[in-house]
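Chemist: Starting from the known structure of chain A, fit chain B onto it as the hints suggest.
2 protein chains.
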Amino acid sequence: MTFVAIIPAGGAGTRLWPLSRRSKPKFLLDMTGAGRTLIQATANRLGGLVDDLIVVTGSDHAPQVAEQLGLSDSQIVIEPSPRGTMPAIGLVAAIVEQRHGSDAVVGSFAADHLIADTKAFQDAVRTAIASAEAGAVATIGITPTNPDTGFGYIDVGEETQVSGSFLVNRFLEKPSLESATRYVDSGTFLWNAGMFVARAGVLLDALAKYKPELASGLREIAKAWDTESRTQALLGWDDLEDSVIDRAIAEPLADEGGVTTVPVSMGWSDIGGYASLAEHLDDPAKQVSENGTQQTVVLSASAGSVVYAHDRPIVIHGVPNAVVIDTGDALLVTTKQAAAGLGGVVSSLPDDLTRLR
Amino acid sequence: MTFVAIIPAGGAGTRLWPLSRRSKPKFLLDMTGAGRTLIQATANRLGGLVDDLIVVTGSDHAPQVAEQLGLSDSQIVIEPSPRGTMPAIGLVAAIVEQRHGSDAVVGSFAADHLIADTKAFQDAVRTAIASAEAGAVATIGITPTNPDTGFGYIDVGEETQVSGSFLVNRFLEKPSLESATRYVDSGTFLWNAGMFVARAGVLLDALAKYKPELASGLREIAKAWDTESRTQALLGWDDLEDSVIDRAIAEPLADEGGVTTVPVSMGWSDIGGYASLAEHLDDPAKQVSENGTQQTVVLSASAGSVVYAHDRPIVIHGVPNAVVIDTGDALLVTTKQAAAGLGGVVSSLPDDLTRLR
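Residue numbers (this note's numbering), protein chains in the order written: chain A, 1 to 357; chain B, 358 to 714.
What the hints contain is simulated information worked out from the structure, not anything from laboratory work. Note that the structure is predicted; figures quoted are calculated from it, not measured. Where hints are given, some of them may not hold.
Claimed, not checked - Restraint-style ranges between C-beta atoms, simulated for each label pair: (1) B:685 to A:11: 32 to 42 Å; (2) B:502 to A:150: 41 to 51 Å; (3) B:502 to A:186: 53 to 63 Å; (4) A:341 to B:685: 23 to 33 Å; (5) B:586 to A:283: 56 to 66 Å; (6) A:283 to B:438: 39 to 49 Å; (7) B:438 to A:150: 51 to 61 Å; (8) A:49 to B:685: 15 to 25 Å.
Said to hold, decoys possible - Covered stretches of chain A, as calculated for chain B (at least 3 residues, CB under 8 Å): (9) 61-67; (10) 315-329; (11) 340-354.
Virtual Cβ for every residue (Gly too), placed ideally from N, Cα, C.
Looking at chain A on its own, in the form it has when it is part of the complex:
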């Protein structure tokens, strides 16, 4: 069996501005002080499981991705423009189908998630691969730790013949707090972490059923990928339909009993904002700037604060749960609570504030 990991690496990361920028999104950064960037951690934790690894990203980030992971050109797929996760993952699945045949298993893993328990993750991936080999589109579902309203949920059904793998009854959109509490209390719902594992042929045949033009368009480009005609074939990219894999495949296929899920507790986080990031920092009042200069950070009546100092000392007084991020070229002052709404603010900032870093 051949197993190829797909790492979609995109997204503006506005909710972690100014640490994360359009030109330097969070997957290219060592967000937690772990000594490696998020995409490096993602690749590392797949080590030993995969036969190959392909990152799909934009042309602006491709050089840094290749450098950080030490990838050859065959391991980088550059999207001409972002069209959502379905064209991105589907194109790589089609390239894998060309290179390794339709029985090769592909697994898609976001570039910017944190996972504390690598062994639990790898065990779950192995189970998902087994489920994929049995013909399913397998997902990895996270046992929820709280009624988070920022995630989609998976309604879990009966266990399948593959031990540890369960049928997905249906996928549920981000719920109200009331619904989320009900889901978590029931014990039969999981967080949808957006990790999909399937045979390349199964994935593309499902896509061909629900979005035939997208499937044939992707297979068309994939056929030309490892030839002299790649650039010409990519002319077809702009005609492809924007779509995300959850909507395009997972939801309709679940209705037909074709999707499974592997429940796992592994200390997972999508670092969706500063409140989430704070939980993964050794020292939330980070006193060391990126260039290594020690800076004094004084917290007075400001418990729970997250501080990134840069080139000057910071004193915070009387602002509990403050989020103060100094990157040298921009300064953000907010709170953990308010930071949840940061995306909208950052999207409307002048271009020079969101691009540079």
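Modeler: Frame of chain A, contents of chain B only:
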């Protein structure tokens, strides 16, 4: 009649850190963007009223004071060490007594207060001078605009023979909110702004009555001031008692009916902190740094905020009444409410954070 203004210029200004530093206190700064520093504004508004002006300050600030006001050496009195307002004002009064005689009138005006209505101020000073010539220690009392608990209050008695000048029944320490509300509602209480006007001889004779050693010590030094023996005479400075003029003279003399007050409304503020400073800024979200660089300041769901940007743009989200002060060598994040307690925090900061600027 000779009238000499005394401007005591001291104080660490911790409540306006990091704008105000030990090495650059607020009176040396243009805090409001008015185009002049606070001590320059203080000297300007005395223009036309005074025959001479003497600043009493520490050796560290004397050169900047002299430069900002264009003073000659005879207009600067350098305290060997800070001993409170009584030795500072008393020494200058004794020097004036030596130079101009004991009937010369002196008036003490803090270097770091804001006064919006210069004409009302000058009218009040003229009335206070008249009261001083009639033998009183005259104060200028501010008609309160709110029950502020940060000021001392003056309990006002009957009008004296000098029109516009009233007897002081007594001085009251900073009150509780309940007491302050009662004071303001009564209409017979004023804020004590710490401005005193008196004949030099009256002031020193009162001091001689309540603190004879201090009075004789100061007169001793003053005798030697304009001679070759000044430095030697200043050896006696360290033996003087630390004291403030309110306690040393004003309170006991009021009990004997020797103190008057001139009530005035003149848009007075002692800029005791950021909440007070904010009321005097044209644009509280100040977008221009000290070195003149225009910086973007974005306020989102942060009404009432005070922002000093320096060399990088600032985004504030979801922190109403935020106080964000970037001076380039330090960054303060607090709120108007919390800023009232800033003094204690700043006093305990490492030395390099409070000294430099």
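Chemist: If a hint holds in the structure, say so; if it doesn't, say that too.
Modeler: These are the hints, each one checked on the structure:
Distance hint check: the CB atoms of residue 685 of chain B and residue 11 of chain A are about 33 Å apart, consistent with the given range 32 to 42 Å. Roughly 47 Å separates the CB atoms of residue 502 of chain B and residue 150 of chain A, a value that falls within the hinted 41 to 51 Å. For the pair residue 502 of chain B and residue 186 of chain A, the supplied restraint of 53 to 63 Å holds, since their beta-carbon distance comes to about 60 Å. A C-beta distance of roughly 30 Å is found between residue 341 of chain A and residue 685 of chain B, which places it inside the suggested range of 23 to 33 Å.
Range check, residue 586 of chain B to residue 283 of chain A: Cβ separation about 60 Å, and the 56 to 66 Å hint holds. In this structure the supplied range 39 to 49 Å holds for residue 283 of chain A paired with residue 438 of chain B, their Cβ-Cβ distance being about 41 Å. For the pair residue 438 of chain B and residue 150 of chain A, the beta carbons lie near 60 Å from each other, so the given range of 51 to 61 Å is met. The hinted range of 15 to 25 Å is not satisfied by residue 49 of chain A and residue 685 of chain B, whose Cβ atoms lie roughly 50 Å apart.
For the stretch 61-67 of chain A, the proposed coverage by chain B is not satisfied: 0 residues have a C-beta within less than 8 Å of a C-beta in that chain, short of the threshold of three. With 10 residues having a Cβ less than 8 Å from any Cβ of chain B, the stretch 315-329 of chain A passes the three-residue criterion, so the hint holds. Counting residues of the stretch 340-354 of chain A whose beta-carbon sits less than 8 Å from any beta-carbon of chain B gives 7, enough to reach three: the coverage restraint holds.
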